[in-house]
Amino acid sequence: MNYMRDNYASAKNDVPILIDYGASTIKAGYATSQGPDVVIRSYINKFKDSNTQSNQIAQWDTDVFKNYRSPFEKNLIQHSGALEQLNDFVFERLQAGKHGRVNHPMILTECFATTDLARMIVLEQMFECYQVPSVMLGVDALFSVFQDDLEAYLKQTQLVVHLGDQTVHVVPIVNGQVIYSNIKRLNLGGLNSLKYFYQTIQLRHPHLKFTYPQIDYWHKSYTAVAIDYQLQLRSFLGPQQYFGYRDKISEQNRFYDDDLSFLDPIYIDIPIVQKIVSAEDLKRKDENRQRMRVRLQESIQQSRQNKKSQLEQQLVALQQELETDQNNDELKKKIITLQVKLGQAPKEALDELKYNLLNVPDDKLTPSQLNQKRYQKVMYEQALIKKQKNQEFKQLQKDANKFKLEEPEKYLQMLYEKRDRIVLSIQERKKLQQEMNSRNSRFNQKRIQTLAFLGADDKVEDDFGKDDKDWEIYRSVTKEMDSADEKSKYKLQEIEQELKDLDPDFEIKILKSIANDHQLGMNLSQVQLSVDRVRCQEIYFQPHLIGVEQQGLVDMIKLSSKGLDKLLLQNIVLTGGGAKTQGISQRLSKDLISEYDCPIAIKVAPDPVFGTWLGMKNFSNKYQSMLSQFSITLDDYNEIGTQKWEIFKQHPFSNIVD
Amino acid sequence: MSYSFKNSSWQARKKELKSRRQSQSRKFNNIKAQVQINNSAFNYLSIEAPPSLKPAKRYCDVTGFEAKYKDPVTQLYYCDAIVFNYIRNCPKATAEAYLNIRGCTQKLIS
Numbered sequence: 001m002n003y004m005r006d007n008y009a010s011a012k013n014d015v016p017i018l019i020d021y022g023a024s025t026i027k028a029g030y031a032t033s034q035g036p037d038v039v040i041r042s043y044i045n046k047f048k049d050s051n052t053q054s055n056q057i058a059q060w061d062t063d064v065f066k067n068y069r070s071p072f073e074k075n076l077i078q079h080s081g082a083l084e085q086l087n088d089f090v091f092e093r094l095q096a097g098k099h100g101r102v103n104h105p106m107i108l109t110e111c112f113a114t115t116d117l118a119r120m121i122v123l124e125q126m127f128e129c130y131q132v133p134s135v136m137l138g139v140d141a142l143f144s145v146f147q148d149d150l151e152a153y154l155k156q157t158q159l160v161v162h163l164g165d166q167t168v169h170v171v172p173i174v175n176g177q178v179i180y181s182n183i184k185r186l187n188l189g190g191l192n193s194l195k196y197f198y199q200t201i202q203l204r205h206p207h208l209k210f211t212y213p214q215i216d217y218w219h220k221s222y223t224a225v226a227i228d229y230q231l232q233l234r235s236f237l238g239p240q241q242y243f244g245y246r247d248k249i250s251e252q253n254r255f256y257d258d259d260l261s262f263l264d265p266i267y268i269d270i271p272i273v274q275k276i277v278s279a280e281d282l283k284r285k286d287e288n289r290q291r292m293r294v295r296l297q298e299s300i301q302q303s304r305q306n307k308k309s310q311l312e313q314q315l316v317a318l319q320q321e322l323e324t325d326q327n328n329d330e331l332k333k334k335i336i337t338l339q340v341k342l343g344q345a346p347k348e349a350l351d352e353l354k355y356n357l358l359n360v361p362d363d364k365l366t367p368s369q370l371n372q373k374r375y376q377k378v379m380y381e382q383a384l385i386k387k388q389k390n391q392e393f394k395q396l397q398k399d400a401n402k403f404k405l406e407e408p409e410k411y412l413q414m415l416y417e418k419r420d421r422i423v424l425s426i427q428e429r430k431k432l433q434q435e436m437n438s439r440n441s442r443f444n445q446k447r448i449q450t451l452a453f454l455g456a457d458d459k460v461e462d463d464f465g466k467d468d469k470d471w472e473i474y475r476s477v478t479k480e481m482d483s484a485d486e487k488s489k490y491k492l493q494e495i496e497q498e499l500k501d502l503d504p505d506f507e508i509k510i511l512k513s514i515a516n517d518h519q520l521g522m523n524l525s526q527v528q529l530s531v532d533r534v535r536c537q538e539i540y541f542q543p544h545l546i547g548v549e550q551q552g553l554v555d556m557i558k559l560s561s562k563g564l565d566k567l568l569l570q571n572i573v574l575t576g577g578g579a580k581t582q583g584i585s586q587r588l589s590k591d592l593i594s595e596y597d598c599p600i601a602i603k604v605a606p607d608p609v610f611g612t613w614l615g616m617k618n619f620s621n622k623y624q625s626m627l628s629q630f631s632i633t634l635d636d637y638n639e640i641g642t643q644k645w646e647i648f649k650q651h652p653f654s655n656i657v658d
Numbered sequence: 001m002s003y004s005f006k007n008s009s010w011q012a013r014k015k016e017l018k019s020r021r022q023s024q025s026r027k028f029n030n031i032k033a034q035v036q037i038n039n040s041a042f043n044y045l046s047i048e049a050p051p052s053l054k055p056a057k058r059y060c061d062v063t064g065f066e067a068k069y070k071d072p073v074t075q076l077y078y079c080d081a082i083v084f085n086y087i088r089n090c091p092k093a094t095a096e097a098y099l100n101i102r103g104c105t106q107k108l109i110s
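Top to bottom, those sequences are chains A and B. With UniProt numbering as the guide, the letters of the first sequence map in order to residues 1 to 658. With UniProt numbering as the guide, the letters of the second sequence map in order to residues 1 to 110.
In case anyone wonders, no lab produced these hints; they're calculated from the structure. These numbers were taken from a predicted model, which means no experiment stands behind them. The beta-carbon is built from N, C-alpha and C at its ideal position, and this holds for glycine as well. Please note that a few of the clues may not be correct.
Covered by chain A, according to a simulated footprint, are these stretches of chain B (three or more residues, beta-carbon under 8 Å) [unchecked claim]:
#, stretch
1, 62 to 74
2, 96 to 106
In silico lysine-lysine, DSSO-like type, Cα no more than 30 Å apart, as pairs [said to hold, decoys possible]:
#, chain 1, residue 1, chain 2, residue 2
3, A, Lys418, B, Lys92
4, B, Lys15, A, Lys195
5, A, Lys562, A, Lys590
6, A, Lys402, A, Lys389
So that you can see chain B by itself, here it is in the shape it has in the complex (with noise of 0.2 Å):
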């Protein structure tokens, strides 16, 4: 597809541009990289909000409400004796899929 306000000359060039990126070094390679080029204190990663210091709170990882146990085998927050019910019948991929969602990308095994 061609358009009447685009450089006619724009599609070589857009290729040297790409190899010039990338001949330069390796620095674009990802977002760590690309920050240390400038060393000034306001960059990418300095602005991003520090970790949390206070003590995370638990919520059942199936229907959200406060949890106060953990399962041992799957590794999920629940609540009551319902959502342990199921989430021992539930397959595995399923109880990876809720830990995937709370961060943790740990595979479960038998």
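Just chain A, same shape as in the assembly (with noise of 0.2 Å):
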């Protein structure tokens, strides 16, 4: 596993290269070597740089779940480039090959029953890109059961359980012949529960942001599998759930221990990452922020003395004008105005003129003039309304200053209520322009069927615009919000900091508004993890949880064992980097014992992870003569071809059934 040069330079030209192609790590390295010289990620990252564009191994971030390529799908090689690069990478850590070629015989693994393009593809790269003399393919899962002996191997009667990362296989094998016909494949792994679990807090939580070794960290080091599954769900939700459930249980006779132990929820707090702000940067804000104001000011300033000079200009042509016709009412009006605004006049002078009519008697106006009255009217009460409300809201605000003091705890209730309010809705507005954003929703197809509506050709008249409420529609086709979106979050945060010098435990209390015991929606600074250490493994038990429809592990061991030899069940091999999860072998022991007779025996490989490579290393350094009997050839390649069944050679690790 060190990564040492000196090694690699002595390596001679016949030892052979070691490759354990797997879904979430590729293992290389020469035979002679202790364990393997290279250990990658087999996942290729695009990465784009202004000065290189070129594709490197995966920096592994939040991205990698959505921005990767992998050369596999679904434990299959399938994409031939992204294998040709990790391929370079391998051969070019190894110091292996010159002169346009790699000249070590290789062994290769491949999974059960691999497809003849994923063959196809290796073999056409080995030979063709390296121009290797010789290649090995081989099963994976068996090669991890090899240990030192080939005698031995072909002797052994077990149930291997392959736990990869994208793939599960159970193999059956007696008497060293494995039973192709009942091998079957699960098709979730290591990645599928390591995705499951990411989902389910990052969308409990997402105003949170998880990074990919953060979560790797955490479903390595605090997930497993749930011995009884019924009761570690009863025991997260309390002592009492749990009691009364093993009580029910115990009646009914079933299997039970008293001294199963249960995992306890776990509360990891998350750090607050604030931006730490020096005093000369505010200081520098604060300069430019006045700088601002006093711009601000002086261009206000301008515009006012531009507008009262014009308004004066006006002014002087407007009495000029009056003095050639003197009874001209419109002009006086003009001219009253114009001196309101310009202060020259009271205020109450523009309301003499409006409400002209108000004090003359009906028998000396004409029908119009009247009319003309009875709008006067109208509007005179309005205006004293206005005026009166105006007053009531300075009285209030009077008022409200008087009750802070007096009464505080009713107006602190007023100001929670208040709060309440606004909270509510700003969180429908959300909603809304949520819906917005999708295509599927209400809200966008009205939007399309009345655009539809007003672009429609057949028509005959078109009257659009007579009637002003025809405009309306366009405001139910707008997606723009208004403005009242800011201005309630802006009175939100007004409300709160009253709140706060007011209220010294406010937050305290707003916290316990919204607390529950499932932490849903209160956007704390902490990740609770109770019923996700074991739901993300127990996907191998119940694949319909990520809704994968197949059969469990323990239907699938029932399946694959069914009518060989008994003493399968007490060889059962847990291999892959899916066995070194905790509980996996008691939860399948506890399984299976219910179901059968006979005694079980589950044991965990030596080496789960590095398993493979080792029994190839073990095979190459003692069967050496063997090797070239089993492998096939350059001259074969270029013979035979990949098209053809006989180039493929039959051996005790090989895929191929007669």
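Mind assembling these two chains? They're in different frames, but the hints should get you there.
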């Protein structure tokens, strides 16, 4: 596992290179070294830089779930370009090959029942691009079971459960012969578990941003397979629920252990990252703001003066006109309004002009003037009401200060109620806005309907715009929100600031009002991992949790060992990266004991992750003479090609059935 | 980027191989077609585990506890009143995301 350059230089040409193509990591190395020399993730991220546009091995961050390329699809090699880049990286690290070829025999792995395309891609690349002398293809699950001795391997009877990154295989081996017809595959693995874990946490905490290393660390260290899933869920709910359920089960005389240990919920605090602003920056910002204010004031004053001079010019012109014909009422009106605007006459002067017909008796008026009088009456009353309201509002503001001093509790309550109302309105508006963004929402469909109606050509007469109400349609079509949203936010800030000043435990009260057991919608800077600890690993036993319509692991083992030797169940071996999860062997044995009468023994392979590579290494070191017999040579490839079946050799680790 | 261990004529050969693969037939377009070529009983699709016969247990989509109820509007399973409130008040996009995790790809209208 160490990266030692001297070791590679001494590797001779006939030392085989072993590559284990895993869906999560690729392990590669010389057969002479102790462990795999190169261990890399089998993902490629398109790395875009302004200077260089080149592909690099994936940088692991939050984007990795969206923006990565892998040669694998459901554990099958499908993309030759990505595989070539990974192979280049491996051979460069190993310093293997010169002059246009890698002159080492190869041992490669593949999954059970690979398709022709996957094999074609690998073989074409190996023989034509790297010009390798020979390639031996074997199954990873079978290599991982191989220890030292081939004879022992050919006598063993065991059930291999290979828990990979994208798939799970169950392989029965009886007397060293793989029963190919009983092999079963489940289309999920460690990656699905990690994704499920990430999605459920991220959806519950939309205000937090998680990075890939964070999630991966939690997934590795905190999650486990529940030994009894139902009991575990009850224990998360609380002691009352749990004990009631357990008593019920014991009455039915089902299997259960008193010593079962349960996982506890974990609370992880996430630090709030605050931007540190230095004093100098604050000063600079303040100065900038003041400068802007001065500039604004100057510009406003200038515009005012300009307007004033314009109005004065107009007034002079109007007065000159007035001298020529004295009896023009409209001119008088205009002059008085201008004078009011300039502050030369009091405001009441306008009122006299506006309501000039009010005090004239009805007898002296023409019918049209009577109408005008009625209109003026209404306007006059409305103006009075407005004035009253203004006065009342001013008084209220005075009273509020009194109210605040005399009855602080009632005042606080009023403020809280006000705040709740604003928060509700903001939430509703947010919902509406989100609906606008999605195409299928009712709002958008209505909008498109009205647009289609407006744009239709088959109208006989176009009388749009005759009625003022016609224009209101456009209001329902616009996507822009009015400025009310910002206003209400500003108001909310004001009220909350006031509440903070008056009430010392304002924040606690707010938190209490939205607090719940599940921590939903609380926007804490804390993550609660309770059910998530077992839920993400439960997918092996209940695949329907993530929408995979297949049997669970227990049913798969039952199906594949059907009609075979019962000895299989006493030699169940878990390999692959998934075997490292805590509690998976206990859970399997517990579930299988309730299904069978015979004894059941489950063990985890000594090195689940690197076991495949070590098995390949042991085989190639001990049986070098067999290697040439089992592998495809360059001459074979040139003669037969990948199209025909004869090219593939049959051997204890092979994938081929007659 | 050129490596010393790679065949110099590989770049031209690669395109040739790819075009040959495509021109042969459309058999490599998907896994199902790939399997149909060799008619042996042991192939990639035949070793797939069959669907389960047991009825699937329902779990709350948000919290993960056992779910007794199903919301007719969002189609989500939920376990108690708190979660129900949360589901009804959350935006449609999150409800759809919860459904997608479970494998339901239907879109919620309105």
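Results for each hint:
{"no.": "1", "hint": "62 to 74", "in the structure": "holds (count 5)"}
{"no.": "2", "hint": "96 to 106", "in the structure": "holds (count 6)"}
{"no.": "3", "hint": "Lys418(A) x Lys92(B)", "in the structure": "holds (28 Å)"}
{"no.": "4", "hint": "Lys15(B) x Lys195(A)", "in the structure": "violated (36 Å)"}
{"no.": "5", "hint": "Lys562(A) x Lys590(A)", "in the structure": "holds (19 Å)"}
{"no.": "6", "hint": "Lys402(A) x Lys389(A)", "in the structure": "holds (20 Å)"}
Against the hints set out earlier in the document, a violation occurs for number 4 only.
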